[in-house]
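Working from the sequences, and respecting the hints, build out all of it.
Residue numbers (my numbering), protein chains in the order written: chain P, 1 to 613; chain D, 614 to 1226.
One should not assume that every hint holds.
As the list claims (entries may be wrong) - Once the Cα atoms are required to be at most 25 Å apart in a straight line, the calculated DMTMM-like pairs of lysine to aspartate or glutamate come out as:
no., chain 1, residue 1, chain 2, residue 2
1, P, K122, D, D766
2, P, K44, P, E86
3, D, K994, P, E86
Simulated from the structure, these hints should not be mistaken for lab results.
As the structure is a prediction and not an experimental result, all values here were calculated from the model.
There are 2 protein chains.
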Amino acid sequence: MLQTTTLTVTFLPGGEEIEIAPGTTIAEAAHQAGINISVPCGGKGICGNCRVTLQEGEKPEPTAAEIRLLTPVELDAGVRLACQCELTGSAVVQLTHVPQVVGKKGLRHLQLRGVPLDANVKRHVVRLGAPSLEDQRSDFRRLAEAVGASCIDLTAAADALRALPAALRADNYQVSATVVGCRLADVIPVYAAAPCYGLAVDIGTSTVVAYLVDLETGQPVSSAADHNPQIRHGADVISRVEFANTSRNGLIELRQEIIATINDLCRAAAEQAEIDPRFIYEVVVVGNTCMHHLFLGLDPRYLAEAPYVPVTDEPVSARPADLGLQVNPRGNVYCLPCVAGFVGADTVAVIVAEEMTRQPYPALAVDIGTNGEIALWSGEKLYVASCAAGPAFEGAHIERGMRASPGAIDHVELADGDLRISTIGEEQPVGICGSGLFDALAVALESGAVQPTGRMTNAAEAAELTNGIRDRLVGEGNDRRLVLAANHNHRGEVYLSQKDVREIQLAKGAVRATLEMMLEYAGLAVEDLHEVLLAGAFGNYIRAESALRMGLLPPMPANKVRGVGNAAGSGAVLALISKREREYASQVAAQAQHLELFREREFQNRFAETMMF
Amino acid sequence: MLQTTTLTVTFLPGGEEIEIAPGTTIAEAAHQAGINISVPCGGKGICGNCRVTLQEGEKPEPTAAEIRLLTPVELDAGVRLACQCELTGSAVVQLTHVPQVVGKKGLRHLQLRGVPLDANVKRHVVRLGAPSLEDQRSDFRRLAEAVGASCIDLTAAADALRALPAALRADNYQVSATVVGCRLADVIPVYAAAPCYGLAVDIGTSTVVAYLVDLETGQPVSSAADHNPQIRHGADVISRVEFANTSRNGLIELRQEIIATINDLCRAAAEQAEIDPRFIYEVVVVGNTCMHHLFLGLDPRYLAEAPYVPVTDEPVSARPADLGLQVNPRGNVYCLPCVAGFVGADTVAVIVAEEMTRQPYPALAVDIGTNGEIALWSGEKLYVASCAAGPAFEGAHIERGMRASPGAIDHVELADGDLRISTIGEEQPVGICGSGLFDALAVALESGAVQPTGRMTNAAEAAELTNGIRDRLVGEGNDRRLVLAANHNHRGEVYLSQKDVREIQLAKGAVRATLEMMLEYAGLAVEDLHEVLLAGAFGNYIRAESALRMGLLPPMPANKVRGVGNAAGSGAVLALISKREREYASQVAAQAQHLELFREREFQNRFAETMMF
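If you want it as structure tokens, here you go:
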């Protein structure tokens, strides 16, 4: 063997880890870890665009290209060119902060039912009569009466009033007036053709997604997504709460991190749509209760200790500048209501997106993120509950987990006694994303590679397996793994490990136990459910068959299970474009009965059962 | 004569001018000009508290005390001790900015009718039940339900939510919650005994007055008044508008000046009441339309050119920080509505203070400030109009004019063929305040010292006068003057000059012409008026007889004329302590019919008549 050692590289902010051979460039290591670093010049070291920061670890001598393209101050601070810098020791690399997914493709996660456009933000184009001694109405009253049909109690921000006289007179009293709620936010001469946008933000524990929406058409036009940077303080909400409680300025730090990320996403989505973020007049925010609290800077301490009380679960309106959001300063930020300490605005948004409580039949919605949230509509009553699923369903803590980007295994099936995989973009496999993970586990169970207890079939038992599967099972005990793709061109082996199976097992067990107890509480049988909605960043991709095979859901016909994509994001978009749907969200939150299941002894018993496959 | 020259000293920000002998100290000159400079050490040059700035003029050598108590940088900048610095040439002296009147004595200008306390700001002291697994309501909902009786749609400022969990738990869920409108502004443990105050501000063209009101009792507790610092850019509103239009950053400068003064007044009034300004939760502001615009930073340009259109005449709510006011940042600033370009919120406040439109009988209110505003209630309709009275009625442009502070002549009457004067505090006379001015003119007219045309009786005509009066008339032509008090101890002669008479003549002519035309427009005779209210900073002091004798008002029984003090300030206080009265102000503004009289040719004819005495 030429290589006697491997180095470990950790990438921030996502926390992806990869083992590499010494001498591998950072760009190559990132690629192996499933991360795309843009290398515009093709790695020739001439454009200087692939900057990253080497935060920890041995710093190799700068190459000639790095010396040419980076300043001494940058080099001192650890800034390097990813395509040039060959790692000589284990390292922690901070990626330059660009959102991971930007553009229209993120919009495919949205499933928006048709609602009439009736946004809280409205742009009015009006032509007013000029004042005269016979018509001495003030500038503001003149404008207010022209837009009055939709808002009888119009008021105005002082800034908007300051701009009013000049704007009215700039183009012969033809103006575009943007009204937020019943407050005049902007008055601009018509010729300046100011647009009017909103942003719907879904703050997940692991992932943050923003959708930019044209408020004059109600259509989403671009999106941006990124890791939740708070992930560095811990993968689940409990560790965030702990960090907030125990670190000096912990809460402030957590808040600043999420605000900075939302501002980045906002800029990226706006740039994509070629608009200025100051034309974003409203931001609707959903997230679980902890994310909601951290976003608002509210102490999350009491969420995490009995009796699990939020600071507020009502809708919150705030001004962008009060929260640090860089959109129109006369705009509004609206946080959808939460229900309880662990059932947040994201669950409310899922129910809104699917109009669950407007349906006459029972249905179940499972929002599978780091924190699993489940809503059960009995046809008359709405029950909600939560369970700690852990980050497995979002690809974190999965050894070769990655997000759904090119090279990710997104589909696995059994064929001819072996596995058949497909990857996003049909690229060489570099990792496994959520849907691939569910598929891989389902196939592993079906093929016998994983036992119903979750233990991987050992060598002694492997005789029962097909040759194809047996050959893919390598390693022993806790290092045992099912290889999905061999190590091509040093891109690393992609596999499902024993540890991965245990992570998923805990997650699905918690979800399954919770939803079973909810059904019992509501006096419903599985057969009574008209449909089961699978939501979450990965929800849209998960095949119903895999979810059923791995036992996330109790046995039922697969055609009752429907992936609804990022339904929390869809609900946020609906609340952005429709005041009626926003009001509906408040009704949903008020109506929801929260079931506190963790404290029931029954839950522990049930969990022990539901962990089994 | 030992002294062959006199020096002229001008004091800023008030613009008081005084002639002094060379070698007079600044403190002594100020005293002669009717200004009190506090000299705590009695002028011994040991405390250093009487600092002023010598802005223009010859700078005398610093005394030993000044070298000891002032830094070289201060001396370079012209800072001097008023008790030490003996002037050697004419000079402009900037007084250190301390409000001129602070304390309870300013409250005597208020005439508050009894209204039930129903302020927009309310402090609730509540004791909540602790949360439990059976009662998982959020902190905010728990509180909202406890204060819910008065506000069903309570929302909360993000800052208030941030403080909520700790405040609730600090004293076993006993808190004081301060609610502004329907927005939670502060939550403080009960033991911290947070008070709850409001500030009513009357921004006059020449004078700004602030009243601090305890919002738990509805009682004003202290006040502070000062010059409007914008006076340096011109005494009347038109010159302010010009400055805003023609100076670089003129509008910003004007706004900053008034905001700084209000902050000074606020601090002074709060200090007097021994509270922290952060417990001031609402500021209600009245002023004429131009002052209102400058306060809000609105371009006043179109107020001053036909068709005289305000930017807004609706009530304006804003957050203190948006305007730069240093009170509770979660508080509210509320500007009462205006009516027209020259009929402002101050007039509305006068009508509110006196409930004019709730009376069954016709009445007239005259608010005599730099801009005269007149309201006529016919018993059914409300008419308002304005006239440019000039600053004479506020003591400016009157040669020995001063405000109503110790040493001011406040009363003049005829007795035994001569004048009898009295001064505030029975001190040596140093100037003449508004009421004294009106009295002096009335007496001058009655005694024959001033002719009905406004010309002072010359030496040739003086034979008709009593000896006492004749001896007091000195000087010739435009320098002719009626001496009210001789030059005692170099405090300067106090007199009514020919120029003073001309200033008053213009002012009263404008007011009289306007109110006569209003009566005609409304189809009312003077006899129909049930009463005439005289408002304004000086209104309370003016004797009805003097106002009638000098012809400010048409002939009528003196008992119909009632001084109502600073009725604009009273109206502002009422709007601060009662939502009903605040609503009434909006009704008054909406109901008022503005009469644009200046453009009527009839006005000019009338004015020529009404200028005569």
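Here is what the structure says about each hint:
no.	hint	result
1	P:K122 with D:D766	holds, 23 Å
2	P:K44 with P:E86	holds, 14 Å
3	D:K994 with P:E86	violated, 87 Å
Of the hints listed earlier, the one the structure fails to meet is number 3.
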